[in-house]
Amino acid sequence: MRTSLLINLLFLLGLSFIQAQEVNSSVIDSSKSFVVENHSIRANIVKPMLAYQFERPIFLNGVFELQAGLTMGGLSRFHALPIGDKDRWNQYHKTSVLMPTWSLAVKKYYGFKVRSRDGLSIKRNSANFIALRYLGLMSGWTFDVRQGDYIAKEKTYFDKGIATGFAATWGINRDIGKEFSFNYEMGPISMKAPEGNWGLGLYIKVGFSKNL
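The opening residue of the sequence shown carries number 16 in this note's numbering; numbering runs sequentially from there.
No lab work stands behind these hints, which were simulated from the structure alone.
All C-beta atoms, glycine included, are put in the ideal place defined by N, C-alpha and C.
Just so you know, not all the hints are guaranteed correct.
[Unchecked claim] Listed next, the in silico DSS-like pairs over lysine-lysine satisfying Cα-Cα at most 27 Å (straight line):
id, residue 1, residue 2
1, Lys207, Lys138
2, Lys207, Lys128
3, Lys123, Lys207
4, Lys47, Lys128
5, Lys47, Lys207
6, Lys225, Lys109
7, Lys123, Lys62
8, Lys109, Lys220
9, Lys62, Lys225
10, Lys123, Lys225
11, Lys193, Lys220
[Stated by the list, open to error] Computed Cβ-Cβ distance ranges for the label pairs, DEER-style:
id, residue 1, residue 2, range
12, Trp213, Leu135, 20 to 28 Å
13, Leu135, Leu113, 35 to 43 Å
14, Leu113, Arg161, 34 to 42 Å
15, Glu52, Val160, 37 to 45 Å
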């Protein structure tokens, strides 16, 4: 656990140094905050997720963010069948999951002045950012479907197991018009599984949000 948290901290400190260099390389009014309160519905592409997102300014160009929604996933497995056994080619086993997810984050945006100077949009917090996240993920609903001999067997169950963790990320938020924004975020993540084991992975989100 300590190693995972240390990696996250070093990643965040490195991003903070890069952000500071960008700020120092341009003339910026350090007394003005560009961030605004924002409510949106966010949809991710890489790992399908639909969530409500709320951002509230809490310091200079910094926000507190809350996200809550559902993550979707699945796995399909086809049986290895003899070529001549045509009647059984449709046999498969498919598992789908629907997992409640949430996160709390502190995000520091930067680059507003440069984007404004270059004639680029800064609406709805359109800038780069660094963030520290606390995340939660419940195992949720699992849907099993087994198809064989023309009979489909379905099984649904709910698991209250919860995984939690921390992520240090860098990302971008870009206004693309008509109340929509493009979102990208990535960085190291350390998660504690329901069984109590800690693991290190990559947090990555790519998608779009619709302003409310």
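Consistency of the hints with the structure:
no. : hint                        : result
1   : Lys207 / Lys138             : violated (36 Å)
2   : Lys207 / Lys128             : violated (39 Å)
3   : Lys123 / Lys207             : holds (26 Å)
4   : Lys47 / Lys128              : holds (10 Å)
5   : Lys47 / Lys207              : violated (39 Å)
6   : Lys225 / Lys109             : violated (32 Å)
7   : Lys123 / Lys62              : holds (24 Å)
8   : Lys109 / Lys220             : holds (25 Å)
9   : Lys62 / Lys225              : holds (18 Å)
10  : Lys123 / Lys225             : holds (21 Å)
11  : Lys193 / Lys220             : holds (22 Å)
12  : Trp213 / Leu135: 20 to 28 Å : violated (40 Å)
13  : Leu135 / Leu113: 35 to 43 Å : holds (38 Å)
14  : Leu113 / Arg161: 34 to 42 Å : violated (19 Å)
15  : Glu52 / Val160: 37 to 45 Å  : holds (43 Å)
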